[in-house]
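Protein chains: 2
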Amino acid sequence: MPKNAFYAQSGGVTSVINASAAGVIETARKHPDKIANVLAGRNGIIGALTEDLLDTSQESDAAIAALKHTPSGAFGSCRFKLKGLEKNKAEYERLIEVFKAHDIGYFFYNGGGDSQDTSHKVSQLGETMGYPITCIGVPKTIDNDLPITDNCPGFGSVAKYVAVSIREAGFDVASMARTSTKVFVMEVMGRHAGWIAAAGGLAVEKEGDGPHIILFPERKLDEEKFLARVDETVKKYEYCTIVVSEGVQNAEGKFLSDAGVKDAFGHAQLGGAAPVVANLVREKLGYKYHWAVSDYLQRAARHIASKTDVEQAYALGKAAVELALSGKTAMMPTIVRTADEPYTWEIGAANLADVANVEKMMPDDFISEDGFGITEKCRRYLQPLIAGEDYPPYKNGLPDYVQLKNIAIAKKLPSFDLKL
Amino acid sequence: MPKNAFYAQSGGVTSVINASAAGVIETARKHPDKIANVLAGRNGIIGALTEDLLDTSQESDAAIAALKHTPSGAFGSCRFKLKGLEKNKAEYERLIEVFKAHDIGYFFYNGGGDSQDTSHKVSQLGETMGYPITCIGVPKTIDNDLPITDNCPGFGSVAKYVAVSIREAGFDVASMARTSTKVFVMEVMGRHAGWIAAAGGLAVEKEGDGPHIILFPERKLDEEKFLARVDETVKKYEYCTIVVSEGVQNAEGKFLSDAGVKDAFGHAQLGGAAPVVANLVREKLGYKYHWAVSDYLQRAARHIASKTDVEQAYALGKAAVELALSGKTAMMPTIVRTADEPYTWEIGAANLADVANVEKMMPDDFISEDGFGITEKCRRYLQPLIAGEDYPPYKNGLPDYVQLKNIAIAKKLPSFDLKL
Numbered sequence: 002m003p004k005n006a007f008y009a010q011s012g013g014v015t016s017v018i019n020a021s022a023a024g025v026i027e028t029a030r031k032h033p034d035k036i037a038n039v040l041a042g043r044n045g046i047i048g049a050l051t052e053d054l055l056d057t058s059q060e061s062d063a064a065i066a067a068l069k070h071t072p073s074g075a076f077g078s079c080r081f082k083l084k085g086l087e088k089n090k091a092e093y094e095r096l097i098e099v100f101k102a103h104d105i106g107y108f109f110y111n112g113g114g115d116s117q118d119t120s121h122k123v124s125q126l127g128e129t130m131g132y133p134i135t136c137i138g139v140p141k142t143i144d145n146d147l148p149i150t151d152n153c154p155g156f157g158s159v160a161k162y163v164a165v166s167i168r169e170a171g172f173d174v175a176s177m178a179r180t181s182t183k184v185f186v187m188e189v190m191g192r193h194a195g196w197i198a199a200a201g202g203l204a205v206e207k208e209g210d211g212p213h214i215i216l217f218p219e220r221k222l223d224e225e226k227f228l229a230r231v232d233e234t235v236k237k238y239e240y241c242t243i244v245v246s247e248g249v250q251n252a253e254g255k256f257l258s259d260a261g262v263k264d265a266f267g268h269a270q271l272g273g274a275a276p277v278v279a280n281l282v283r284e285k286l287g288y289k290y291h292w293a294v295s296d297y298l299q300r301a302a303r304h305i306a307s308k309t310d311v312e313q314a315y316a317l318g319k320a321a322v323e324l325a326l327s328g329k330t331a332m333m334p335t336i337v338r339t340a341d342e343p344y345t346w347e348i349g350a351a352n353l354a355d356v357a358n359v360e361k362m363m364p365d366d367f368i369s370e371d372g373f374g375i376t377e378k379c380r381r382y383l384q385p386l387i388a389g390e391d392y393p394p395y396k397n398g399l400p401d402y403v404q405l406k407n408i409a410i411a412k413k414l415p416s417f418d419l420k421l
Numbered sequence: 002m003p004k005n006a007f008y009a010q011s012g013g014v015t016s017v018i019n020a021s022a023a024g025v026i027e028t029a030r031k032h033p034d035k036i037a038n039v040l041a042g043r044n045g046i047i048g049a050l051t052e053d054l055l056d057t058s059q060e061s062d063a064a065i066a067a068l069k070h071t072p073s074g075a076f077g078s079c080r081f082k083l084k085g086l087e088k089n090k091a092e093y094e095r096l097i098e099v100f101k102a103h104d105i106g107y108f109f110y111n112g113g114g115d116s117q118d119t120s121h122k123v124s125q126l127g128e129t130m131g132y133p134i135t136c137i138g139v140p141k142t143i144d145n146d147l148p149i150t151d152n153c154p155g156f157g158s159v160a161k162y163v164a165v166s167i168r169e170a171g172f173d174v175a176s177m178a179r180t181s182t183k184v185f186v187m188e189v190m191g192r193h194a195g196w197i198a199a200a201g202g203l204a205v206e207k208e209g210d211g212p213h214i215i216l217f218p219e220r221k222l223d224e225e226k227f228l229a230r231v232d233e234t235v236k237k238y239e240y241c242t243i244v245v246s247e248g249v250q251n252a253e254g255k256f257l258s259d260a261g262v263k264d265a266f267g268h269a270q271l272g273g274a275a276p277v278v279a280n281l282v283r284e285k286l287g288y289k290y291h292w293a294v295s296d297y298l299q300r301a302a303r304h305i306a307s308k309t310d311v312e313q314a315y316a317l318g319k320a321a322v323e324l325a326l327s328g329k330t331a332m333m334p335t336i337v338r339t340a341d342e343p344y345t346w347e348i349g350a351a352n353l354a355d356v357a358n359v360e361k362m363m364p365d366d367f368i369s370e371d372g373f374g375i376t377e378k379c380r381r382y383l384q385p386l387i388a389g390e391d392y393p394p395y396k397n398g399l400p401d402y403v404q405l406k407n408i409a410i411a412k413k414l415p416s417f418d419l420k421l
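Each protein sequence line maps, in turn, to chains A and B.
Be aware that the first sequence starts at 2, since it is given in my numbering, and climbs by one per residue.
Be aware that the second sequence starts at 2, since it is given in my numbering, and climbs by one per residue.
Because the hints were derived from the structure by calculation, they are not lab data.
Lysine-lysine pairs mimicking PhoX-like chemistry, simulated, CA-CA at most 20 Å apart: (1) LYS207/A <-> LYS406/B; (2) LYS308/B <-> LYS396/A; (3) LYS406/A <-> LYS237/B; (4) LYS82/B <-> LYS289/A; (5) LYS396/B <-> LYS308/A; (6) LYS396/A <-> LYS207/B; (7) LYS207/B <-> LYS406/A.
Ranges of calculated distance between the beta carbons of each label pair, as one might list FRET restraints: (8) ALA252/B <-> GLY389/A: 46 to 54 Å; (9) LYS412/A <-> GLU224/B: 39 to 47 Å; (10) ALA252/B <-> ASP104/A: 57 to 65 Å.
Just so we're clear, the structure is a prediction, and the values are computed from it rather than from any experiment.
Yeah, the Cβ is synthetic: ideal placement off N, Cα and C, and Gly gets one too.
Work out the full structure, taking the sequences as your base and the hints as a guide.
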């Protein structure tokens with residue numbers, strides 16, 4: 002008898018996580034003898050704990066296919082990490098109750114490091130609590146910090162957004178610099194690692210191209226050196242464009258974004274490394290500046306997604322189901338790079354035990370010696386990840402993104418008191 | 002004997018001003034009997050005053066065609082307004098000297114309100130200083146505030162960027178709201194008029210869609226009413242997305258963006274209505290928030306330009322040359338809307354005297370009664386302006402924008418002491 006599959010999305014969403022969902026659901030639909038239905042958790046694992054399960058069989062093939070071009074988490078995501086079994090047995094017992102009640106034999110969890118830790122814990126349920134469940138993680142994170150896999154779905158599209166945007170802004174500033182703005186600062190995501198900031202460096206193709214300076218979280222801001230470089234750049238090219246990671250720290254190890262900016266009430270103002278950097282330039286050099294903070298726009302920008310990223314996100318969803326059907330469990334499909342140029346890749350697999358809670362940092366030799374740019378090695382790694390365009394369809398001048406019906410399955414169990 | 006034409010770009014650049022340049026240059030190239038060469042001013046009128054003239058005949062047909070998909074000002078722009086003749090005769094005399102020295106008989110100036118004032122002043126040179134010159138303005142401004150013309154090239158593409166971006170961010174926030182960010186604030190340009198902010202409203206297609214609130218510069222921020230609406234929206238839909246114009250003022254008539262935010266040194270921090278609004282939400286309602294400031298990204302985003310906008314920008318450049326060749330002067334071609342749906346338009350013409358220094362404000366009945374959204378009338382006006390996509394070509398995953406050779410014509414005159 003075919004079992005049902007549970008699928009859910011976890012952590013910060015991306016512009017291609019729904020492509021992975023499409024990969025999971027479309028592949029499952031091809032194997033009705035093994036998988037009866039895919040029940041999606043509303044808001045990740047929370048949906049499993051609260052028995053809030055969405056019946057994907059009620060979504061048309063067209064709607065599921067449209068997920069391939071729709072950003073964000075179609076079933077809702079969550080920031081919620083299961084504690085260890087010894088610390089919160091009640092939650093694990095509840096999961097098993099829900100899985101049993103809905104005849105769930107497969108568990109697919111689409112997320113980053115924390116989420117794969119959850120996948121790993123769930124995969125241990127079989128042994129520790131006597132409930133057999135096939136458990137496969139599906140990688141996803143714009144932070145690009147999962148180990149083993151060549152890269153993480155979601156990252157390539159943010160990388161493309163950042164490189165495209167800083168190139169465009171650079172053209173703008175270059176044409177205005179004579180009588181107006183000379184310094185432009187763009188803030189990008191990346192609290193711990195500079196992967197996303199590094200992607201800005203792809204916009205540099207020849208001497209003089211911006212961004213002229215990248216500030217990485219891996220390098221504490223040396224104000225003097227930074228200001229000297231800004232000044233030198235403006236004197237040489239008439240303007241200077243800068244990509245700053247939200248995670249950049251000052252010499253004292255404090256995030257720039259909360260390094261003392263206070264609002265009118267005297268409260269610390271959260272967020273914004275870019276205005277701090279821009280202010281520094283104004284204070285010390287006096288140049289006219291502008292700054293931008295892309296925030297969620299960068300990770301939601303499906304309109305400028307990387308085709309490579311979309312394809313890999315879909316392929317990983319598909320591979321997750323295939324791994325499960327081939328009898329594997331406690332694994333996560335990965336991207337294996339087989340060549341840089343032309344870029345070729347294939348699907349591999351890793352054990353969840355080797356993935357959970359391991360953070361892949363950016364190699365030190367990806368940052369140029371002066372600390373303000375990327376190396377050729379970094380470029381070789383990043384370049385293929387932004388390759389290709391994969392435009393969504395448009396209606397009335399806007400991307401025609403799908404919103405699913407998200408009809409919940411009737412609950413069979415008493416409610417569960419979940420502490421969020 | 003054919004005369005040379007002067008062409009220059011002025012004011013804040015857009016993602017389609019170079020399409021107008023292509024329209025001017027390609028059309029001029031078709032009439033070598035009338036126009037010998039197009040000399041582009043480097044940095045707008047400054048190029049004329051300093052005799053810094055770029056020889057466009059050195060640019061290939063392919064390079065000029067590539068301007069159609071390249072954002073920013075390919076010849077450099079400027080923020081510089083000619084004073085009246087009575088106040089600064091020296092500058093006008095210098096212009097005539099330069100025009101004579103380079104046999105310039107046509108003057109095409111591509112810009113917004115201030116720039117068309119310059120065009121108008123130059124057009125008066127013929128009468129007042131005895132130098133015959135055919136003078137045609139080419140409209141351009143993301144602010145959409147030129148009179149007579151249905152809309153201004155550059156605006157439609159910013160409008161599209163804003164509507165696409167807030168839709169995408171809305172999908173993101175909706176999927177995270179259960180356990181994370183509930184309020185998202187996106188700041189857009191528009192110091193005096195809410196045209197750009199209004200465009201965010203196009204993303205709303207049905208009840209519940211974001212942006213749920215738009216803050217216009219035309220309405221002073223009523224904190225209490227605003228916070229009540231945010232709270233109500235979060236309670237109803239679990240999240241709330243907000244578009245705020247950079248020009249929004251508080252109840253006392255001060256820009257939010259400089260309403261008392263101080264940096265660590267106690268200096269007022271410039272820029273950022275979004276963080277101020279977001280902070281207000283946090284202070285008073287306690288919701289988790291994120292904010293974005295698009296700044297130059299929005300006006301440089303050629304990758305998501307409106308096809309209608311690109312076509313109109315090109316058509317206006319072409320029409321400017323055709324007006325000149327038909328013997329007209331002191332005019333500016335315009336867009337005339339002939340129907341809303343399906344949208345049809347044709348080229349018209351206005352006298353520069355009627356355009357210079359006239360600012361078209363957004364009609365009051367474009368803002369909904371509660372002050373937080375747009376009306377159907379506004380939507381009917383805006384909708385066609387974002388219609389269609391016109392993607393640039395890509396190379397290595399990035400838009401392949403052209404950088405011209407920009408070879409200057411040899412100077413024939415002594416230098417001129419220009420006060421910038």
